[in-house]
Amino acid sequence: MTEAIGWEFPVDNADQWRGFNDAGIEHFRGSLSGSLAREILQNSLDAASARPVVVSFKYREVFVTEIPGVDQLRAALSQCLTDAKAVEGKKAVDFFTTAQKVLNAKQIAVLSISEKNTKGMRGPCKNGTPYFAYVKATGQSKKGDGLSDTDLGSYGIGKFAPFTVSDLRTIFLSTVFRDGNTYRQYAQGKALLMSHRDAAGHTRQNIGYWGVTENCMPIEGGNPSLPRWLMRAPKQSDIQDSVGTTLHILGFRAADGWEKSLVASVLENFFGAIWKGALVVEVNSLSISKESIFELFNDKTIHDSVIGSKGQPEGFDNAKSYLSTLAATEEVFIEDQENRELGNCQIRIILGEQFPKRVAVLRNGMFITDEMDRLKRFGDFKEFAAVIECHSKKGNELLRDMEPPKHNDFEPDRLSPDDQPKGQRAIAELGRWAREMLMRHARDVVSEVSDVRELADYFADDGEEDDGEKGEEINPVGKIQIRAQPLKRRSVVTEDSDDEGTDGGSEGDGNGSGGGKGKGKGKGNNGKVAAKSLPLNNVRSIVLSAKKRRLAATPEFSGIMELTVFEAGADTDRRLNVVKSSGGNVRKGAIRNLKGKRGARFTLDIELDAPFQGAMKVAAHEVR
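For the working numbering, add 119 to where a residue sits in the sequence shown, where the first one is 1.
Hint data in this document are derived by calculation from the structure and do not stem from the laboratory.
Okay, derived cross-link-like pairs now, DSS-like style, lysine-lysine, Cα gap no bigger than 25 Å in a straight line:
| no. | residue 1 | residue 2 |
| --- | --- | --- |
| 1 | Lys667 | Lys501 |
| 2 | Lys429 | Lys419 |
| 3 | Lys379 | Lys409 |
| 4 | Lys716 | Lys651 |
Here are the in silico distance ranges between beta carbons for each label pair:
| no. | residue 1 | residue 2 | range |
| --- | --- | --- | --- |
| 5 | Pro343 | Ala224 | 18 to 28 Å |
| 6 | Asn223 | Pro343 | 25 to 35 Å |
| 7 | Arg137 | Gln219 | 19 to 29 Å |
| 8 | Ser511 | Asn342 | 38 to 48 Å |
| 9 | Asp375 | Asn334 | 35 to 45 Å |
| 10 | Ala446 | Gln539 | 33 to 43 Å |
| 11 | Thr216 | Ala319 | 18 to 28 Å |
All residues carry an ideal CB built from backbone N, CA and C; glycine is no exception.
Full structure from sequences and hints, please.
What follows is the structure in structure tokens.
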């Protein structure tokens, strides 16, 4: 007996009514392309069988006549429109009116999302398998198939995201999976509409399925009557090489700029997985990979595509900074902690101009939040970007259980009452430790000393009044003058017995500037030379060990220079003796013959003659 194939909206024997407004779909309204990318990609990463997982988003237009069961779908939409006019609001009427127009056209837009290097959705179509969880289950958040709670997504509310970008609220699914020593293919359609009455007056459920009508089951294996665009493996001979899942969104709402917006969402949410080589995403002809990710972050058209969306473009720009934290090989502080509840956790910190002073938390390569408690305000810190990741299975399981449906926070109250204290301890300890690491590496511990005489018109000390008698009470609103004078520092010079007489030293300030005059070749100053100081911008000193530092700075000049380092003191700067340097050459405690280029940042690893843990200043001097 041949199985009946077509659309089936089961009869609701309880005669209930499910209206047009669906909580799952409404959850993702607002940022449609962002929600789509986030939910699709996390599910693909969960089903990975090899690296990298490759997910392709391809736009196409197909003839309406190639849609399986299109006449039955039209009839269901027509029935929904009739009932919407009677019992629903304007939003439902407008939707079904548009849906009818879409199916009455000659061609229809389809967004096909196909993955490689995944396991597919294992069947059979019964409770407890990944296929059933995605297609049939409601409110089920366990995928089965041995997958753990570390999964990024869970085939729960996230599976509603594709319906939000469909003018028909309809999708088709084709998946190939391995079952022991054999390979199986399922194909099925699903529509999420509203309750409606058929010609016989029976109430039909809001969810309908295309496939084997009895029990709403998928079509298994190849079927020559199905269109090639729908099937993942049109031929049985292709099935072994076609493992994975393809999702087709029927009536795709292709808004202006959807491609750029989708790419921006992928970059912002999955930069971690992409940089680590775990994920490659293709959007039509554009490929997002480790090799192209920085170029795409710098693409102005992609950047501008998010302007106007909530939290944008700040969120996109911050993600670029977080990527720098993962990608940089120099000037990155890496700290690890064994969190009591989360296990091994790591923070990466990078300092530099225009970084957002934000801390991102990733889970399995996906961005979760940069607004974690205790990690929001850093007013007295240097500009930095930081990324936190948990590297233990138990930690990621706990974090996953604390995430809301949008995967954008950690909420211990979502745990069972017995586990809530554990979640609270985990988040509190993680926040305290991360802040301690940021205070160690990014807090401003030495303030610049500035001449504030320009404020004399606003603040003053008690003046020399002639008409007041000695011992008379001071008028608190009388004439006051404050004269803030710059601190006088001891001049620093270096002895130079070199015959060329080209090097000298001077006091250094925080930017490498200093005083001192000299005429070269050691003449006229008892054998001592004071050379012209040169400006350095954004000077950084990173502790590598008790005696070793990494220095970085950007010169405002081009030429040969000498660097001298000092311990920053209250009223004088004590010179420190360098014994080794990765650049230039060291002589008498200074780094000589170092080439500088205006605007080009340089980095040096140096070693001192004695342990040193204080604040350090760097002075640059001209070599003539």
